[in-house]
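A.B. asks: Spelled out, the chains give:
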Amino acid sequence: MFGLVEKKSTLKLEDAIYDGVLEAGKGWMHELKEGQRFMILDMEGNQAVDTTFYDLETPEDHYSAIKTIVAQKNIYLTTGTILRAESGEPLLTITADMTGRHDTLGGACSSQSNKVRYALEKEHMHNCRDNFMQQLANNMNGLNKRDLAPNINFFMNVPVTKEGGLKFDDGVSAPGKYVEMEALKDVMVLISNCPQLNNPCNAYNPTPVRLLIWEA
Amino acid sequence: MQKIWKKTLKPGEKWSGLIGRGKYVRFKALGSQANVSMLLYNMRDTSERYNMPDTLKAQYTSHLTTGNVLMSDNGRVLASFVQDSLGWHDTISGHISRQEVDEKYGVTTYQKMGNDWYRSGDENFKIELVRNNMGMRDMVPCVNLFSKVFVEEDGSMHFDANHCQEGATVTLRTEMDILIVLSNTPNSLNESKEYPAVEVDVEVYDAPPVDLNDVCVTHRSENFRAFENTWEYYNLLGL
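Keeping their order, the protein sequence lines are chains P and V.
In this text, residue positions in the first sequence follow the numbering used here: the first is 1, and each later residue adds one.
In this text, residue positions in the second sequence follow the numbering used here: the first is 1001, and each later residue adds one.
So that you can see chain P by itself, here it is in the shape it has in the complex (with noise of 0.2 Å):
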């Protein structure tokens, strides 16, 4: 289940009635709708698609990357994981998967995080929590910074070795890989498309994807 199979999708593109392209370094929120499929295409390979849910019904209720991996004892994400929220809730199922590997230790780039990690002077550049924060100041009223647990980084590649060691790899996509996803519930999808130049997440060369919703 986790040695990084492909899972191809059942559906087709010309069937979907949302397709959108979302440029590096922009935020996107949107519904799904239980019974609804929502795939993330990797356009031109390597991106780290950052991105949480929030329970519609109750959005104090977010996703969470512990109870999503403690619930298979598995740290990586793919065809068969359900994404859990705080609550335990399943809010989604990966219904297809065509690099076999997500990271959902890794959280998302922030200002402070990249002042830590990097320089003091790279506070300024562009990062997925802003993206987040703003995307929350947009769409719903009373979310804040509190909302922002750790997310799921979409074809990004964070190996963890037995030794307890973490670290950061170029990402086990390629252009045209994909993965797909079934809305278990009414659920509030929140995507940061990573900005991130500082590591080798996206290849150091930021790039589109595109998004796609199917009715159930």
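Just so you know, nobody snuck in bad clues.
Estimated spans, in silico, between C-beta atoms of each pair:
1) V:1231 x P:10: 53 to 63 Å
2) V:1162 x P:215: 47 to 57 Å
3) P:10 x V:1102: 36 to 46 Å
4) V:1201 x P:17: 53 to 63 Å
5) V:1162 x P:43: 43 to 53 Å
6) P:43 x V:1215: 37 to 47 Å
7) V:1167 x P:138: 47 to 57 Å
It should be emphasised that the hints constitute simulated quantities derived from the structure, not laboratory data.
Ideal placement from N, C-alpha and C gives every residue a C-beta, glycine not left out.
Could you slot chain V onto chain P? The hints should help.
C.D. replies: Chain V alone, transformed into the frame defined by chain P:
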């Protein structure tokens, strides 16, 4: 060193409170397979809290031990690991839920077992968060002191049942004025059939000032920058 405070956390017990910066917080396991789930917040602004991804990324590690620091989402050091007899504390396996406790150890109630009923990390955290004007939305990945969860190449997660023995100690030093939330509840991935009932001592002492040769400050250049951010924060506040 003058001991300021001591508490023994009973199995299942929770505690939260404010601890000023520059204190040692020493934990001692009074049995094997202890697990203390811990959340940290900046007491002046609880929207600033322990951030697992930022902590692990900056230090290129998936576990915590002497030299490591616990970073906030604002790139500051909330607390640091100054002493550790175990070499590994977990931060990727979270706190145990009510459902997991009931499934693993059987349903227990206060009505039948009184104060010995099996508590969950989820309930303990929720109660203490609400008591401190927060709630479920403030729940983030915790630190699990005394637990070792390692990851195989295929990503599978494993709890090391032989890791924590009676007498194990770990000492944190507070680098900011923090709200600390503790839950002495079993690790989710502990496969023991019995609810691990381990008492843990918590003691607080005054710590000497941090110098530039400190093991946590010098651990990595990332750590030094996070300390600089922390000192700058207090300088700007005039504290």
